[in-house]
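Engineer: Just need the whole structure built from these sequences, with the hints factored in.
As you go down the protein sequences, you meet chains U and C in turn. Per my numbering, the first sequence starts with residue 4, numbered consecutively. Per my numbering, the second sequence starts with residue -3, numbered consecutively.
One or more of the hints may lead you astray.
[Claimed, not checked] Computed cross-link-like contacts, DSSO-like style, restricted to lysine-lysine with a CA-CA straight-line distance of at most 30 Å: (1) 307(C) / 416(U); (2) 217(C) / 276(C); (3) 307(C) / 276(C); (4) 203(U) / 139(U); (5) 597(U) / 307(C); (6) 597(U) / 217(C); (7) 291(C) / 270(C); (8) 139(C) / 307(C); (9) 19(U) / 39(C); (10) 250(C) / 291(C); (11) 199(C) / 276(C); (12) 217(C) / 250(C).
Everything labelled a hint here was simulated from the structure, so no lab data went into it. Computed from a predicted structure; not experimentally measured.
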Amino acid sequence: MAFVGAFTRRPDADAKVRGAARYVADLDVPDAWLGGTVRADVARGRLVRIDRDPGFDFTRVVVVTAADIPGRNVVALITDDQPLLAQDAIEHHGEPIALVAAPDRATLLAALAALRPVIAARTPCFDMEASAVVWKRIAIDRGDVDAVWAKAHRVVEGTFHTGSQEQMYIEPQGCVAWPPDRHGVVVVRGSLQCPYYVQKALMAALDLPAERARVVACTVGGGFGGKEDYPSVIACHAALLARAAGRPVKLLFDRHEDLAVTPKRHPCRVWHRTAVAADGTLLAMDIDVRMDGGAYTTLSPVVLSRGVLHATGPYRCANVRVRGAVVATNHVPYGAFRGFGAPQTCFAVERQMDRIATELGMHPVALRRHNALAPGDRTATGQLLDDSVAAHAVLDAVVAETGCARMPWRTQKRGRRRRGFGVSLFWHGAGFTGSGETKLKSRVAAAVLADGRVEVAAAATEIGQGTEAMLRAIAADSLGCGAADVALTEPDTGRAPDSGPTVASRTCMIVGGLVAQACRQLRDRVGGDEARPFRDRAAAFVRDGGDGRVEVEYHAPPGIVWDEANYRGDAYPVYGYGADVVEVEVDVATFAVKVLRFCTAIDVGRAIQPGLVRGQIEGGSLQALGFGHLEVVTTQAGRLRQDRMATCIIPTAVDAPPMRVLLVERPFQHGPFGAKGVGEMPADGGAPALAAAIEDAIGIAVDAVPATPERLLAAWLQTHPEEAL
Amino acid sequence: MLRLPTFTYHRPQTAAEAVALASEHGREAMYVAGGTDLYPNMKRRQQTPTHVISLQDLPGIGAVEVHPQGGVRIGAMTKLSTIEHHPHLRQHFPAFAHAVREISTPLLRNMGTIGGNLLLDTRCSYYDQSHEWRESIDFCMKKDGAICWVAPGSPRCWAVQSSDTVPVVCAMECDVELVGKNGPRRLRASELYRDDGIQYLTKQPEELLTYLYLPPATGFKASYLKLRRRDSFDFPVLGVAACVWTGVDGVVTKANIRLGGAGSYAIPASESEKLLVGSKLTDEVIAAAGTAAMKPARTMDNTDGDVYWRKKVAPVFVARAIAACR
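Structural biologist: The structure is reproduced here in structure tokens:
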């Protein structure tokens, strides 16, 4: 193997570093008009009418309202409850009401200001605990928790809260749409993660068959989940405007609009009650998860699903009851963000483990080691873990690196600046949940070009994470050719088969697996003397009339069975495992938290491109630390309070602690070259380890994140009332 | 979409020409130096001059000049990054150079000037918002509205002094030079500011800030301590400058303490100053001075950081700034 496991140059690096890469806003589209959106300025209400300022000449622009939608007025995703444009009910602040396209920016702004929606306000609901509308409920049961409580050495309870979080991708969202061409084909190019999701939405909105809705992903400036579902809204809006205007329309969000209306991480509350034996054995786990889904269903059911499936953490327990609900409020719909529900429930279970350790007087490392999943164990859904189980390996790796198993836990510290450490152990299912991959039937094609190079066609998008370099390395080693002999098609529904969305830590394991499979078939088909370069043999093969195209479809590995109705069976084909150790210094006068050191061990099965994998881990870990103490995302009357980069803050490179990344490779037999997933997992463990470190340093319970100085002070005053002002 | 409004851009070649342009266009005109404060404010329609007068071509006000007697004259157009890296300033005026380094990011400091930072617009969470946001609350008295949303009964604006350098130059008793219609005049930096969120400067609108004068760095020690959410960049939630003169016996003969981010100007902590004068800088004296410092502060809910937390941590922060002058 020449490329898998080696450091290779990213195919997309040169253009990005030189500034030559063409993001959607860079596209030079002759005759394009600019699009904009008229939005609701209340969180809930009834749209009475849209007044038009008689002083503005509306013949200069194109206006689209719900009445102008040729297909169905829905954002087709999971449940068709979200309108593309509000018709009657307004359910969240910033909800789109009308669209405008204009030849220039000044005219567009004037037209947007001249359209005045009249809305009769209704009473909104912002409290997820009070919401009576449930988007999705999930129950997981194993054994009998209620039979255990009386027998337990201790029963420990805790309630944990996590806030929302903004993806803050580098490039704001946007799409360009063209009106139907002479064949009736509508083309959209945009900054998006999932071309086929957008295609599905376009087909519903414009009443088009698949072959007339073509979606192409441009160079994408980061997504982190934020460009999973929302590009469908922008693409449909742009396409509706282009159709009405009879010319291309660019609909580009600036940062302010992007922050205000695009989905963010679900706020979450998790309650735990755990029965433990005197030696720390987990006897029963009773868990209740509640998430704020916002105004429409969007991706909430699947976010909840991943959340509850990770709610027990990577721990063995014979008796488990998990109840999950994601509910409606009048917040802007929450959506996908790296980790997809797991960072919330991971935070809760890890804080609960620390609470148990404190109650039992055990070291948090010892408690985790005692209960960590091992080969032969079963999960809460009854899944047997028999391959690539690395919970102990990752924990051992960070313990060996940091010596944290010998650090005293929760001892009284003194002085103005107090140090503490925290550890977290976590897991992350690779690929879609449950039978998602089986239903999706992802496809990938590989075809020999006339010059003997191989073109790999997949809809997986390069969003900065290194998809192109990773798929190329897998293809080259599967074919036995050079990396330069592999070409990747643009993610284009007109050219690449549906290899599924670029989400769920699935691109390497699922799409990469299909690429490996297709390329191996092609290598066998081309045959010949392998001493000769593949490219020469392949060119000769097609010149001689050989069929140089292979298309493969996903089939679940044998023995993987999932019962969706009862939440039983194999929730994921396999899990990745991770462990974090965070060391902090807390100033007990200002409650400023400084992360001194961060160490993480991540099991990815096999690192196809180790440099990129490390980059993924460092970036995801920093996002997790930001989630833990820095990133405040709140609303006021349903409207985002932090709607600019000056107020919606994330850690910068300067704020990043020294990071030690340890790659643990426990190959998965059904993954390409043994690979599992990496994208989301680093987002899971940082916040609970950081919270634990703060708790260790200053001796107060940190049950909610972000653990801002204000929150820490409030918690501190609970135990030090004499210090109150 | 946040776009600049239309305006006329002027590039005068002399200070006199600049002042004449500013006088001619009156309230419609504003000077621009680095543009890092004005242009974003214009995009949000917080400041809406129709005539923008660039100072980039004015001769002689873009350099740091060290005088043989020990004082320093800094041209108002000097880039913040020039000051930050200036060896003489770093060695002899560490508190000032440190305050400059605490301003925003390296990118901004490569554009922003000392003059612009000394005249930085006051800030408030109800004012530093887009036009559409401010319109939705019917604006505030600092721009386009009639009410102060921080203190709705208040007849005045409570926007917050947020420059990192202002507390330091006030505490260090620096001078500034202004050029107006009648030529130049020199005054104490502290006299340039007033306690009002809207009229936060005492100078006439057409008066042009040309120089900052640092006094000879002898007899005092100064410090600047900035409280904010991130170490990388953010405006100060609290910026404490302390400047302490001590005799040979270690007894404080004079002390200036200025609180930035705590009101509409860099507030003098007079009670703390009184406590320090005549005493040695012992831990007890410093702690008492810290506790006394926040009495004049007007901590309101109009910056980042919860009010209670800001009030709680401020005395400690002031004490640390004073301790840094030992």
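Engineer: Residue 199(C) and residue 276(C) were given as a pair; does the straight-line alpha-carbon distance stay at or below 30 Å?
Structural biologist: 38 Å, violated
Engineer: Compare the distance between the alpha carbons of residue 291(C) and residue 270(C) with 30 Å, and conclude whether the hinted pair is satisfied.
Structural biologist: 13 Å, holds
Engineer: Run the distance test for residue 217(C) versus residue 250(C): straight-line Cα separation, threshold 30 Å.
Structural biologist: Status holds; Cα separation ~11 Å.
Engineer: Holds or violated: are the alpha carbons of residue 139(C) and residue 307(C) at most 30 Å from each other?
Structural biologist: 28 Å, holds
Engineer: Is residue 250(C) close enough to residue 291(C), meaning Cα to Cα at most 30 Å?
Structural biologist: Roughly 20 Å separates the two Cα atoms, so the pair holds.
Engineer: Below or equal to 30 Å on CA atoms is what counts here, so check residue 203(U) against residue 139(U).
Structural biologist: 22 Å, holds
Engineer: Between the alpha carbons of residue 307(C) and residue 276(C), is the straight-line distance 30 Å or under?
Structural biologist: 26 Å, holds
Engineer: Is the Cα-Cα distance between residue 597(U) and residue 307(C) 30 Å or less?
Structural biologist: 21 Å, holds
Engineer: Does residue 217(C) sit within 30 Å of residue 597(U), going by the straight-line distance between their CA atoms?
Structural biologist: Judged against 30 Å, a Cα distance of about 28 Å means the pair holds.
Engineer: Hinted pair, alpha-carbon criterion (30 Å max): residue 307(C), residue 416(U). Please report holds or violated.
Structural biologist: 25 Å, holds
Engineer: What's the verdict on residue 217(C) and residue 276(C), does the C-alpha distance respect the 30 Å limit or exceed it?
Structural biologist: 14 Å, holds
Engineer: Quick one, are residue 19(U) and residue 39(C) close enough, alpha carbons at most 30 Å?
Structural biologist: The given pair, whose Cα atoms are some 28 Å apart, holds under the 30 Å limit.
The structure shown violates just one earlier hint, number 11.
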